[in-house]
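A.B. asks: Each chain is listed here by its residues.
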Amino acid sequence: MNIILVGLSHKTAPVELRELLVVPDSRMGEALNRLMAHEGIREGMLLQTCNRVEVYAVADQIEQGFSAIQEFFVDTHLSVSAEQLMPRLYCHAEDRAITHLFRVASSLDSLVVGEPQILRQVKDSFQEALTHNATGVILNKLIKKAISVAKRVRTETRIAENAVSVSYAAVELAKKVFSNLSARTVMLVGAGEMAKLAAQHLVNHGVHEVLLTTRDPIRAADMAARFNGVSIPFDDFRANMHRADIVLCSTGASHYLIGPEDVERAVRARWNQPIFLIDVSVPRNIDPDVRQVDNAFLFDIDDLESHIEQNREERRLEATRAESIVKDEVEVILKWLQSLKATPTIIALRKRADALRQAELQKALSRLGTLTPEQQEAVEGLASGIVNKLLHGPLVALKSAAQSSNGFVYIEAARLFYDLGQGLPEQESVNVEDVRDGTDVTPDEMASAPAEEPEQERIPRRALGL
Amino acid sequence: MTVAFLQLTLGLYFIGILLSLVYLLRRSDVLARVALAATCIGFAIHTVVLAVQVFSGEVGVTFHKALSFFSWSLILVFLLVVLLQRIYVLGAFILPIAFLSLISTVVLPSEAPVLQPMLQAVWVHVTLSMLGAVGFAVAFVAGVMYLMQERLLKSKQFNVLFFKLPPLDFLDTLNQRSMLLGFPFLTLGILTGAISAQVTLGSYVSWNPEQIWALVTWVFYFVVLMGRVTVGWRAKKAAYLTIVGFAGVLLTFLGVVLKGNGISVS
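Chains V and Y are the protein sequences, given in the same order.
Read in order, the letters of the first sequence correspond to residues 1143 to 1608 in my numbering.
Read in order, the letters of the second sequence correspond to residues 739 to 1004 in my numbering.
These aren't lab readings, by the way, just hints derived from the structure by calculation.
Treat the hints with care, as some may be off.
[Stated by the list, open to error] Derived contacts from chain Y toward chain V, CB cut-off under 8 angstroms, selection only:
| no. | residue |
| --- | --- |
| 1 | Arg764 |
| 2 | Lys894 |
| 3 | Pro904 |
| 4 | Pro905 |
| 5 | Leu906 |
| 6 | Asp907 |
| 7 | Phe908 |
| 8 | Gly965 |
| 9 | Gly970 |
| 10 | Arg972 |
| 11 | Lys975 |
| 12 | Tyr978 |
[To be verified] Between beta-carbon pairs, the in silico distance windows are:
| no. | chain 1 | residue 1 | chain 2 | residue 2 | range |
| --- | --- | --- | --- | --- | --- |
| 13 | Y | Arg824 | V | His1152 | 33 to 43 angstroms |
| 14 | Y | Asn897 | V | His1347 | 20 to 30 angstroms |
| 15 | Y | Ser893 | V | Ile1204 | 52 to 62 angstroms |
| 16 | V | Leu1459 | Y | Gly749 | 37 to 47 angstroms |
| 17 | Y | Ser893 | V | Asp1377 | 49 to 59 angstroms |
| 18 | V | Asp1436 | Y | Arg824 | 24 to 34 angstroms |
| 19 | Y | Arg824 | V | Val1474 | 41 to 51 angstroms |
| 20 | V | Ala1381 | Y | Gly749 | 58 to 68 angstroms |
| 21 | V | Leu1459 | Y | Leu763 | 47 to 57 angstroms |
| 22 | V | Lys1469 | Y | Arg824 | 33 to 43 angstroms |
| 23 | Y | Ala775 | V | Asp1436 | 51 to 61 angstroms |
| 24 | V | Gln1269 | Y | Arg824 | 39 to 49 angstroms |
| 25 | Y | Arg824 | V | Val1222 | 52 to 62 angstroms |
| 26 | Y | Val772 | V | Gly1348 | 46 to 56 angstroms |
[What the hints assert, rightly or not] Here are the simulated lysine to aspartate or glutamate pairs, DMTMM-like style, with alpha carbons at most 20 angstroms apart:
| no. | chain 1 | residue 1 | chain 2 | residue 2 |
| --- | --- | --- | --- | --- |
| 27 | Y | Lys894 | V | Asp1561 |
| 28 | Y | Lys902 | V | Asp1237 |
| 29 | Y | Lys974 | V | Asp1436 |
| 30 | V | Lys1483 | V | Glu1465 |
| 31 | Y | Lys892 | V | Asp1445 |
| 32 | Y | Lys892 | V | Asp1470 |
| 33 | Y | Lys892 | V | Glu1406 |
| 34 | Y | Lys975 | V | Asp1436 |
| 35 | Y | Lys974 | V | Asp1431 |
| 36 | V | Lys1317 | V | Asp1436 |
| 37 | V | Lys1283 | V | Asp1436 |
| 38 | V | Lys1483 | V | Asp1561 |
| 39 | Y | Lys974 | V | Glu1451 |
| 40 | Y | Lys892 | V | Asp1444 |
Quick caveat: nothing in here was measured; it's all calculated off a predicted structure.
Glycine included, C-beta positions come from ideal geometry on N, C-alpha and C.
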């Protein structure tokens, strides 16, 4: 039983390749089944975010497991060839795989170090794997541990302070124009994901009213429900722009939708009250000449990026502290894994039995008083005879368990029955339900993470703009 | 005695200014708090000096006293705004104005106090005018800060100053409120000035530079306020206009100084 990882991320592969490998939520069960059908794969989990696609697995043989998962990736998409994929994949086993998982969950391997979405994505992937019975004792423990490590990193370092997501930068900038967002109106032009995310942040900060406009009426209704907003026909949105204090623009249009004259008109209608425009679409939808309009403040995606650059620098410093936490925690989990091996368990069991035998023997001998050597030998023989006979069965079972792939179940049972101690301290038994309810979310996390997104509309992983 | 106290006050205000300026470039709030503490102590001493001057029977109104009162009221407003809104950055902008007006009472030659039958009216005139000037000084500062923040936002310079300066709408509101506060005082100040001129000189206006600039300033602020209410002269435009308007206030002060013999209505 070996923990292995095969995957690719923003560090090794371009988005064109990564996106081909993403399995849609609806077909996750099928994909996991396909993964588990490979010989020698005992447990598996598929972790996919906008920046990575990775398979974590417990395999009988390391090399065999690697090639099974590589095969799985090649089969995922018809247009992906093995030659194209192989050089992009990284394969790690045992402690390196565990370290990688912990670093990913703690957002140390993210494009934007410290971004908060990754933990949720890990939890979601874990949930999917649980639902489809793909994980077992080892991965369950490992991933729960990864989640608790991520939280430790979050609380003990300042890695997640100062939001660095593009969508949240929009909120920070808006607050430099409007001191109080609660009396403000935001207009959402288009249904781009990043703009939706930014709008969600603004709503979380108490924005009073949301106006929506998109060409697609179904999406408009959908978004109106999500933000409790007012839908405006797409052809009329320019005429209504003066109603908005903040305009968030993210459409798929290939030309400018908002020009300087539209903004000038809006500012005039607002009696020169400032208007704040954010254009997160690429290609841009708001004419850059809008910058020249007085009392209009336009920020495009690059401006938001440069705003968050400083915060990123601070995070990089905190990341070194986080790395040492990860290192400590890997040690802990390795200890637990070690405990699942047969030999140490057999030795521990023998030691324990021997200690018990010695102790009982001492007690008996001191009560019996002076014995002849023959008598003493008989008593000692009795004790060791019972112990050896009683241990024979378990020891044989453990030795054969060491050869079988799911032997650790017996080993763990033996440790429990004979009170040999677990590899992990008690508080580590995190329940995945506890983890998901988000009760321990820090205020900053609330601010920078879409923690309150409606349940029915989970934010698609690829839409996070990271 | 009062001179020593005034010097102490000036010293404390100066410390406040220096720390407030350094604070502009630092992330920590500590400097600003020390600056605020120094200003508070200075303000307390300043209050005592003013009280002694008023109640000790020193007769006569001098331009020095008027400037000292202006400085005191400006700091009072500053302390109120900072304590209520925690916008420490204001100190770097308001304190220098208060300091300059107070130091001019030490630097400028002292003049003969005005002794005349309408002393009461002159007192009222000076007090009201100075309160008007305080309102416009705060509006001026808000305007300057608005333009700075506006420029930083437009040019996307997300530096320390950008993080320190308050949001634009706060500055615009501060600008508006301080103008609304200053304008009635200026109006009443001009009226009482005219009345005392009528009594002592027999005519309401004598067209000296002080009066001319006071009237020009009044008309200007009147137009600015009307423009704000009727055609939306706010935000950037209001910021520019209040900066120009404050120049009028300064020219009125200058008119008083040039007359050479202090605040009289002669």
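A.B. asks: Determine for every hint whether it applies to the structure shown.
C.D. replies: Tested hints:
For Arg764(Y), the suggested interface contact is broken, since its CB lies about 15 angstroms from the closest CB of chain V, more than 8 angstroms. For Lys894(Y), the suggested interface contact is upheld, since its CB lies about 5 angstroms from the closest CB of chain V, less than 8 angstroms. At about 7 angstroms, the closest approach between the beta carbon of Pro904(Y) and any beta carbon in chain V falls short of 8 angstroms, and the interface hint on this residue holds. About 4 angstroms separates the beta-carbon of Pro905(Y) from the nearest beta-carbon of chain V, less than 8 angstroms, and the hint is met.
Look at Leu906(Y): its Cβ gets to within about 5 angstroms of chain V, closer than 8 angstroms, so that hint holds up. With 8 angstroms as the threshold, the beta carbon of Asp907(Y) comes within range of chain V, its nearest partner Cβ sitting at about 5 angstroms, so the hint holds. A cut of 8 angstroms between beta carbons decides the hint on Phe908(Y): the least distance to chain V is about 4 angstroms, and the hint holds. The criterion of a C-beta within 8 angstroms of any C-beta in chain V is not met by Gly965(Y), whose closest approach is roughly 10 angstroms, and the hint is violated.
For Gly970(Y), the interface hint holds, the least distance from its beta-carbon to any beta-carbon of chain V being 3 angstroms, beneath 8 angstroms. With 8 angstroms as the threshold, the beta carbon of Arg972(Y) comes within range of chain V, its nearest partner Cβ sitting at about 5 angstroms, so the hint holds. Proximity of Lys975(Y) to chain V holds as hinted, the smallest CB-CB distance being about 6 angstroms (cut-off 8 angstroms). Here the hint on Tyr978(Y) is broken, as its CB sits about 10 angstroms from the closest CB of chain V, past 8 angstroms.
At about 41 angstroms, the beta-carbon gap between Arg824(Y) and His1152(V) stays in the expected band of 33 to 43 angstroms. For the pair Asn897(Y) and His1347(V), the beta carbons lie near 24 angstroms from each other, so the given range of 20 to 30 angstroms is met. With their beta carbons about 56 angstroms apart, Ser893(Y) and Ile1204(V) fall inside the hinted range of 52 to 62 angstroms. Leu1459(V) and Gly749(Y) have their C-beta atoms about 40 angstroms apart, which keeps the hinted 37 to 47 angstroms range intact.
A C-beta distance of roughly 34 angstroms is found between Ser893(Y) and Asp1377(V), which places it outside the suggested range of 49 to 59 angstroms. Between Asp1436(V) and Arg824(Y), the C-beta spacing of about 29 angstroms keeps the proposed range 24 to 34 angstroms intact. In this structure the hint that Arg824(Y) and Val1474(V) lie 41 to 51 angstroms apart at CB holds, the actual value being about 44 angstroms. Between Ala1381(V) and Gly749(Y) the C-beta distance comes to about 60 angstroms, which sits within the given range of 58 to 68 angstroms.
At roughly 21 angstroms, the beta carbons of Leu1459(V) and Leu763(Y) sit outside the given window of 47 to 57 angstroms. Between Lys1469(V) and Arg824(Y), the C-beta spacing of about 41 angstroms keeps the proposed range 33 to 43 angstroms intact. The hinted window of 51 to 61 angstroms between Ala775(Y) and Asp1436(V) is violated, with their beta carbons roughly 40 angstroms apart. A C-beta distance of roughly 44 angstroms is found between Gln1269(V) and Arg824(Y), which places it inside the suggested range of 39 to 49 angstroms.
A C-beta distance of roughly 57 angstroms is found between Arg824(Y) and Val1222(V), which places it inside the suggested range of 52 to 62 angstroms. A hinted range of 46 to 56 angstroms is violated for the C-beta pair Val772(Y) and Gly1348(V), which are about 34 angstroms apart. With a CA separation close to 64 angstroms, the supplied pair Lys894(Y) and Asp1561(V) exceeds the 20 angstroms bound. Distance check on the hinted pair: Lys902(Y) and Asp1237(V) sit about 46 angstroms apart at the alpha-carbon level, beyond 20 angstroms; violated.
Restraint check for Lys974(Y) and Asp1436(V): the C-alpha separation of about 8 angstroms stays at or below 20 angstroms, so the hint holds. Simply put, Lys1483(V) and Glu1465(V) have alpha-carbon atoms about 27 angstroms apart, too far for the 20 angstroms limit, and the pair is violated. Taking the CA atoms of Lys892(Y) and Asp1445(V), the gap is about 10 angstroms. The hint holds against a cut of 20 angstroms. The straight-line distance between the Cα atoms of Lys892(Y) and Asp1470(V) is roughly 47 angstroms, outside the 20 angstroms bound, and the hint therefore fails.
This hinted pair checks out: Lys892(Y) and Glu1406(V) have alpha carbons roughly 16 angstroms apart, not beyond 20 angstroms. For the hint pairing Lys975(Y) with Asp1436(V), the CA-to-CA distance comes to about 9 angstroms; that is within 20 angstroms, so the pair holds. For the suggested pair Lys974(Y) and Asp1431(V), the alpha carbons sit about 18 angstroms apart, so the restraint of at most 20 angstroms is met. Distance check on the hinted pair: Lys1317(V) and Asp1436(V) sit about 18 angstroms apart at the alpha-carbon level, within 20 angstroms; holds.
Between Lys1283(V) and Asp1436(V), the direct Cα distance comes to roughly 58 angstroms. Violation of the 20 angstroms bound is thereby established for this hinted pair. Restraint check for Lys1483(V) and Asp1561(V): the C-alpha separation of about 16 angstroms stays at or below 20 angstroms, so the hint holds. For the hint linking Lys974(Y) to Glu1451(V), the alpha-carbon distance of about 29 angstroms lies beyond 20 angstroms, and the restraint is violated. Taking the CA atoms of Lys892(Y) and Asp1444(V), the gap is about 14 angstroms. The hint holds against a cut of 20 angstroms.
Going through the hint list in order, the structure does not satisfy hints 1, 8, 12, 17, 21, 23, 26, 27, 28, 30, 32, 37, 39.
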